[in-house]
Amino acid sequence: MIEVGRDGAFNVNCVGVDRLPFPLSFTVRETGSSWQIDASAAQADELVDILARSANDTFLVVDLATNSFLDEDFQQWRPSLIAAEQGTDFTAHPIGAWASDAPGLGEEILVMRRDSLPRFLDGSWYPYELSLIDVPMAPPPAQLDEIALAIGTTAFDEPLLPRIEGSRLWYSGHDDCYLTIESTDPTMPALVLSRLLALLAGSALVNAGETPSVTIPEPDTATTGRLIREHPHWMGAVEATSATLATIRLSALPQPWRLGQQPPAHADHIATLDLTRGTWHITPADTQRSLSTITVA
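Per my numbering, the sequence shown runs over residues -19 to 277.
Just so you know, the hints here were simulated from the structure itself, not pulled from any lab data.
Watch out, some of these pointers could steer you wrong.
Cβ-Cβ distance ranges computed for the label pairs, FRET-style [claimed, not checked]: (1) Gly258 x Gly(-15): 12 to 20 Å; (2) Thr256 x Pro166: 27 to 35 Å; (3) Leu129 x Glu10: 21 to 29 Å.
Computed from a predicted model, the values in this text were never measured in an experiment.
Just so it is clear, CB atoms sit at the ideal spot from N, CA and C, and this is done for glycine as well.
Build out the structure end to end from the sequences listed, making use of the hints.
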């Protein structure tokens, strides 16, 4: 069960000047021993338990940008000051000006234990840029510089984990919405897709019920795993909502979704959350249409 509030990613983000609802997007590809996921929409705190589930005991926060912590000159606090304000146990390692222009790197690296990550990303503030990677243990300064170099010289479409010994997870979030995950855990794609469906349905139910939050179940990963095996690229949009029911149209795409791309006219699957019963049903759209025809007849 997860709690979805009014300040979740699907509620605070929109598309274009018409402020169209932000769609669910999901794409995954297997690269050797890891899976690379690109998706929307989710904030880091909405995924923190999934990120920590199969990671090593140590996380490195290597990039961080936010408007939640600004000084009197409207300059962002250093990441170490933000972590201290959050009451997080950590150490900080400055990486120098050489990394300032490298994507995915900030001015310092925060080293924290995995169980500190939920306190750091507790939902009370919002990073519009966040990159983190796990490692087996807290690295010495020289190794932190090597890790920063590997991150800064890896192309966006190349796997990063093989370049950092022992790492199992890489996460990069942008605009409090878009996210990229690389993981050695084969269950990660299905976990992420299940969470995205729950977040989208929850945001629709919050709006329909005019409540501050709603607690809902997630679709089981066996079902979302089958969807992923059927197609690697998906797009979802809310079709109908009541106070206790949310229906999502899921469409398979030939290529990953891009911002501005409208949902296809067709739906391949219909995902329905019945909040009263606490159940999800994800069925082929043709089956839904057949059942509707029989009911009308």
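For each hint, the structure was consulted:
| no. | hint | verdict |
| --- | --- | --- |
| 1 | Gly258 x Gly(-15): 12 to 20 Å | 19 Å, holds |
| 2 | Thr256 x Pro166: 27 to 35 Å | 34 Å, holds |
| 3 | Leu129 x Glu10: 21 to 29 Å | 26 Å, holds |
Going down the numbered hints, you'll see the structure goes against none, and every one checks out.
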